[in-house]
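Engineer: Sequence:
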Amino acid sequence: MTELGTTLAASPLFGMIRDGGWTMWLIAALSVITLAVVLWKLWSLWRLGVWGGSHSRRAIRLWGDGQRRAAMDAVRGRPSARARVAQAAIGTSLDPRFDDAAAREETARVARQALYRSRTGLRALELIATIAPLLGLLGTVLGMISAFQVLQSSGNQADPADLAGGIWVALLTTAAGMAVAIPAGVALSWFESIADRLQSDLEDLATRIFVAGQEPARPRLFEAAE
283 MTELGTTLAA SPLFGMIRDG GWTMWLIAAL SVITLAVVLW KLWSLWRLGV
333 WGGSHSRRAI RLWGDGQRRA AMDAVRGRPS ARARVAQAAI GTSLDPRFDD
383 AAAREETARV ARQALYRSRT GLRALELIAT IAPLLGLLGT VLGMISAFQV
433 LQSSGNQADP ADLAGGIWVA LLTTAAGMAV AIPAGVALSW FESIADRLQS
483 DLEDLATRIF VAGQEPARPR LFEAAE
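Using our numbering, the first residue of the sequence shown is number 283, and each one after it goes up by one.
If you're looking for bench data, these hints aren't it; they were derived computationally from the structure. This one's a predicted model, so the numbers in the text were calculated from it and none came from an experiment. Using N, Cα and C, we set each Cβ at its ideal position, and we do this for glycine too.
Label-pair ranges, simulated between beta-carbon atoms: (1) A457 x A384: 53 to 59 Å; (2) D347 x A311: 51 to 57 Å; (3) R394 x G334: 16 to 22 Å.
Can you build the whole structure from these sequences, using the hints too?
Structural biologist: Written out as structure tokens, the structure is:
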């Protein structure tokens with residue numbers, strides 16, 4: 283552990299964080315949080331099945347062909363968001379206790395839960411993308427104040443090299459804040475696009491099931507004559 287600590291202390295990254303002051307430590311913590319949120323969000327969306335949809339598409343085909351029970355069996359017990367919404371729409375359409383309005387409301391409730399799960403954690407990324415550059419700017423301002431205080435106290439004997447070094451350290455926090463905010467903003471935009479796509483798919487899925495459920499079953503072509 284001692285050798286590891288010595289290696290970390292001697293690394294350039296650790297040196298930049300140490301020289302940048304307390305704002306650099308906060309920005310470093312935000313970078314770790316950003317990575318954790320992105321990895322957790324990828325895992326959460328994978329569990330939600332946002333990149334799937336084969337079972338729900340098969341259920342729609344069966345439902346449109348009039349195979350009601352087969353359509354229900356295609357999505358029964360599936361964990362993905364699309365399958366759960368399809369199961370809710372088909373199940374309430376087959377249940378005589380639900381009229382059309384109640385069936386749509388129950389399906390909308392299930393869809394809202396799925397959409398809420400798809401957007402969980404996005405506020406954290408939005409907050410990081412907002413405050414990381416502000417923390418960097420704050421660190422730069424504080425560093426510049428310290429640098430000019432040294433210049434004022436030194437008077438005519440001020441060393442330009444020391445002043446330039448202080449300004450360089452101060453500007454480092456702005457660069458670090460932007461380095462954290464940019465990936466967080468990109469990840470936020472990507473996750474929002476996934477949630478928007480999921481919302482569109484769920485609306486289309488439920489509408490197709492309810493519209494097809496109101497139509498009589500289509501006769502099969504070339505049906506054998508009795």
